[in-house]
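Peer 1: Sequence lines, in order, name chains A and B.
For the first sequence, position 279 (counting from the first letter as 1) is numbered 279 according to this note's numbering, and the numbering increases by one without interruption.
For the second sequence, position 122 (counting from the first letter as 1) is numbered 122 according to this note's numbering, and the numbering increases by one without interruption.
Check before you lean on any hint, since a few could be wrong.
[Claimed, not checked] To give an idea of the chain A side of the interface with chain B (calculated C-beta under 7 Å), a few residues: (1) Gly-99; (2) Leu-103; (3) Ser-156; (4) Thr-173; (5) Val-181; (6) Tyr-249; (7) Gln-258; (8) Ser-259; (9) Thr-276; (10) Ser-279; (11) Gln-297.
[To be verified] Listed next, the in silico DSSO-like pairs over lysine-lysine satisfying Cα-Cα at most 27 Å (straight line): (12) Lys-43(B) - Lys-239(B); (13) Lys-168(A) - Lys-239(B); (14) Lys-284(B) - Lys-168(A); (15) Lys-153(B) - Lys-284(B).
[Claimed, not checked] Negatives, chain B to chain A, calculated, CB over 12 Å: (16) Ala-23; (17) Gln-104; (18) His-154; (19) Ala-179; (20) Asp-197; (21) Thr-199; (22) Glu-203; (23) Phe-209; (24) Ala-313.
Keep in mind the hints are simulated off the structure, nothing from the lab.
Even for Gly, the Cβ is constructed at its ideal location relative to N, Cα and C.
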Amino acid sequence: MPKSTDRHTHAFSVGHLARRPEAGSLVGLVLVYAFFAIMGGAVFIGAPGWSSWLNIAAEVGIVALPVGLLMIAGELDISVGSVIPASQMTAAIVSGYFGLPILLGIAAGLGVGLMVGYVNGLLVTRTSIPSLIITIGTMFGVMGFTLGFAVLIAGSTSVFLVPDPVTKLILGTFIGGMFNVSIFWWIAFAAVIFFVLHYAPIGNWIFALGGDRDSARNAGIPTAALTIRLYMLSGFAAAFVGILQLMTYQNAQVATGQSFIFNSIMCVVIGGVILTGGSGSVIGIVIGTATFAIVNQGIFFSGLDPNVGSVIIGALLLAAVLSNDGFRALALKYSTKKG
Amino acid sequence: MNFKAKALAAATAVALMSTGAMAQDIAVIAGSVEDAFMDKIKKGVDDATTMVTANGGTVQYLRTQNYENFGPDLVTLINQAVAQGVKGIAIPVWVPDAQIPALQAARDAGIVIMQYNSGLPVMKDVGAINYFGSDEYAAGFGGGKYLAEQGAKHILCHIQVPGAINLTERCKGVTDGAAEAGAKVTVLETPPNLDGDVTGTAEAFKAAFIGDSSIDAMVSCADFGAAAGANAVEQTGSKIMVSAFDFSPASLDRIKAGTQKMAIDQQPYLQGFLATSMLFAHLKYGTNISTNPVLTGPAIIDASNVDAVVAGAALGAR
């Protein structure tokens, strides 16, 4: 995204920049960071501040990326909120309660995520029920199973697991005492999904799916298989976050994860993904996640009332949707001129 | 059916009804089947039921399915108990507006009400004979005083749901309890979108700890807040005392390992056990406890008694 060179040339390139879906969110990120840098001072600009918002961004970001892909494809996934506790509880029961090898526990946890994603995808493609309703349904279903099995098997809603040093190092350690290793996993997820959406042929299929599902199917895109895979990816990512949390806090609880539902959707929307599908970018989702995390944590460094943070996030969300429309109109104007 | 048989049937029915009237049948109404806290209450009810049945009474244990339609669901359970002809009902009052009219109607029909776990302020309106539970303010007071006596000078009190009345009461208690032993308290309310999010809450604590280096202790109104607090302490390398209301097996492990100072327990087992057994004893033997209300908390769990709590937790009572 060579934006600085674009800006020096004429209107044609401004149009090119504005057409990028993440243009509006980048402006938001810069403004928000500047605001909290001034309010939070040296501590927020330094390592404690960066580690603070990056640690938050990493976890919600890993979930937001595939949720964003789904939203670009015109679907929602609410079930991530209960996949996180389901995967960590599964892993904790397998490896902590039964004492089986940790890799088996992790595989079981991730498997739960893939399975929930597969069921979601199947229901979305086989029925005409909106994905919002389907994934709310699976969310409650998975929540019930997690709670039921946890109490039935482990006799508690909270299960303990002490990972071996290597697993802890890879999945749940704090580098320099502050930076959670999850940040690197977020970068890895972003890189892979960036390639998938913007370079692999499947990326164009995803955009086509969100643009017009029927036309996409008529054009020969395997829409059902693609939707199922996207849901499996989102289930996998949520399960992965569950595993990261388990290795970090060494404890699985049935009641975690609900906050990820709205937080992930907000990151995606702030990142410039259009709610009706068909438009968005991975860079935008990453920027949206960073913006969300900076507001969320910056507030605690700024000395402002934490409730102000919720107000700012709400305002950002509305501003993002409005500017999406504004930038899209601008982009269409310039592309018309070009044509 | 001839006359003799009819008379016999009638006599049997009368005999059955009269034994029904003689027996001390009671109903215990509780919260959602999905709520783990309620399982500890159930353990207490189960143990008391053994005593009740041994003395010729019965206990009907009724729980709501979830908390989605809580007020009306509770009223349905109260009416169900009344229709079954119980002599006493043990119940927490969570939704006073919905529950009080139904409970007053039950009382007017001669049913004795015993209250537990929740609704201490509305006990008079309910007309309950006693209350077994905790008082949020008293629990906070005990916790704040404990931390101050352990050397804390500046305590952070964490509220995970801003505006929740019971949590505000807890932190108010912490503030007054700490003040009595010479410590001050700062309340930190994290936004609702961090509720249950350990990482987000840990980072919020980290910011607070870095922002004010005079903080030397923290108490969270949520059990997960202790996990977040322990993590923030680890990240900042400080020696801040971590504590929380309620606890999980992981909290007990942290208390054993020394990364959590204490947990404030309201002993739900006792609430279920005492409400059930004392209601039955009142109906059967006419006993009354002169202490009213009976507070089952705060019980402080720290390194000195954690092993006993772990043993109790393994048995499902703690």
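Peer 1: With reference to the structure, classify each hint as holding or not holding.
Peer 2: Hint-by-hint comparison with the structure:
1. Gly-99: Result: violated, 16 Å to nearest chain B Cβ.
2. Leu-103: Where the cut-off is 7 Å and the nearest Cβ of chain B is about 22 Å from Leu-103(A), the hint is violated.
3. Ser-156: Since chain B brings a Cβ to about 6 Å from Ser-156(A), closer than 7 Å, the hint holds.
4. Thr-173: violated, 11 Å
5. Val-181: violated, 12 Å
6. Tyr-249: holds, 5 Å
7. Gln-258: holds, 6 Å
8. Ser-259: holds, 4 Å
9. Thr-276: Result: violated, 24 Å to nearest chain B Cβ.
10. Ser-279: This hint is violated: Ser-279(A) lies away from chain B, its Cβ roughly 26 Å from the closest one there, beyond 7 Å.
11. Gln-297: holds, 5 Å
12. Lys-43(B) - Lys-239(B): violated, 37 Å
13. Lys-168(A) - Lys-239(B): holds, 23 Å
14. Lys-284(B) - Lys-168(A): violated, 58 Å
15. Lys-153(B) - Lys-284(B): violated, 51 Å
16. Ala-23: holds, 32 Å
17. Gln-104: holds, 35 Å
18. His-154: Nearest chain A Cβ is 16 Å from His-154(B), so the label holds.
19. Ala-179: Holds, since 23 Å exceeds 12 Å.
20. Asp-197: Violated: least Cβ distance 4 Å, not greater than 12 Å.
21. Thr-199: violated, 5 Å
22. Glu-203: violated, 5 Å
23. Phe-209: Violated: least Cβ distance 9 Å, not greater than 12 Å.
24. Ala-313: violated, 8 Å
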